[in-house]
Amino acid sequence: MINILWDLDGTVVDSMPIVAACMNRTVEHFGLPPRPLEEMNPFIGPSLSYSMGVLLDTDDKELIASAVEHYRAAYKQMMHESPVFDGIEQALAHFKSVGATHYLATAKFQGFAEHIIVASGLKPYFTGIYGSMLDGRLANKDELLAELIKAEGIEPGNSVMIGDTHYDIEAGRHHNMTTIGVLWGYSTEQKLKESGAHYCVNKPDELNEIIKSAMTCAC
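If you read the sequence shown in my numbering, its first letter stands for residue 1, the second for the next number, and so on.
In case anyone wonders, no lab produced these hints; they're calculated from the structure. Be a bit skeptical, because a hint or two may be false.
[Said to hold, decoys possible] Keeping only pairs whose Cα atoms sit at most 16 Å apart, straight-line, the calculated EDC-like set for lysine to aspartate or glutamate is: (1) Lys203 with Glu189; (2) Lys123 with Glu89; (3) Lys96 with Glu209; (4) Lys191 with Glu170; (5) Lys203 with Glu28; (6) Lys193 with Glu170; (7) Lys96 with Asp14; (8) Lys61 with Glu170; (9) Lys76 with Glu38; (10) Lys203 with Asp86; (11) Lys203 with Glu89.
None of these values were measured; they are calculated from a predicted model.
Turn these sequences into a full structure, and let the hints guide you.
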């Protein structure tokens, strides 16, 4: 049996417009000008605290905590508007039908991730949804995967990490998983390969042969 771990933002759902809008609302609230959409890619993937620190150019923990709270309040109102990428539901359905087990592994607050997956109609495909805690725990993707592996008792060697950023690839490789970088998200093929991605794909249906091979090896 193969375990497939999916990142959320930029992999399962196209959240960039919503995330960018909420981040800009936050920086404007703290007196800074909004940033254009094309400058927001680096802030999709890392922890929210890290992104807010960079956006506000501060290491003041209280200010960052306040910004995170403001962002989450804005995001809570808009998060259900993130569309699922074309082909993702079909991929989830296909791999589940042939015996794969799906998990969501995201740096996003777990409560928000659960809401998005339910609202998008994808909840039936996932055995577990893992995200960060409100206090910041598990915002690091490496630590998140360690928690998921421990909680679910999965074998990393029989697991695949699918994501669109170097955080996903590096964490997956650290835990000895097969890693697949997706090019419909918010990074580039060069960055994903530099991070050690075993494979890169341009669209969901290109996952079929890779996962089929991984499932054969896991038998």
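### Task
Verify the proposed pairing of Lys193 with Glu170, using a straight-line Cα cut of 16 Å.
Since the Cα atoms of Lys193 and Glu170 sit roughly 10 Å apart, the hinted pair holds (cutoff 16 Å).
#### Entry: Pair hint Lys123 and Glu89, alpha-carbon separation not exceeding 16 Å
The given pair, whose Cα atoms are some 10 Å apart, holds under the 16 Å limit.
### Task
Sort out whether Glu209 lies within 16 Å of Lys96, counting only the CA atoms.
Roughly 15 Å separates the two Cα atoms, so the pair holds.
### Task
Given the hint that Lys96 pairs with Asp14, test it: the Cα-Cα distance must not exceed 16 Å.
Violated, at roughly 22 Å.
### Message
For a C-alpha distance cap of 16 Å, please report whether Lys203 and Glu28 respect it.
### Response
35 Å, violated
### Task
Measure nothing beyond the straight line between the CA atoms of Lys203 and Asp86; if it is 16 Å or shorter, mark the hint as holding.
Distance of about 9 Å is within 16 Å: holds.
### 16 Å limit on alpha-carbon distance, applied to hinted pair Lys203 and Glu189
Since the Cα atoms of Lys203 and Glu189 sit roughly 13 Å apart, the hinted pair holds (cutoff 16 Å).
### Query
Are the Cα atoms of Lys203 and Glu89 separated by 16 Å or less?
12 Å, holds
#### Entry: 16 Å limit on alpha-carbon distance, applied to hinted pair Lys191 and Glu170
This hinted pair holds, its Cα atoms lying about 11 Å apart.
### Message
Can you confirm whether the C-alpha distance between Lys61 and Glu170 stays at or below 16 Å?
### Response
Between Lys61 and Glu170 the Cα gap is close to 26 Å, so the pair fails against 16 Å, i.e. violated.
### Query
Does the structure keep Lys76 and Glu38 at a Cα separation of 16 Å or less?
Not satisfied, since the Cα-Cα distance of roughly 23 Å exceeds 16 Å.
Hint compliance for this structure: hints 5, 7, 8, 9 are broken, all remaining hints hold.
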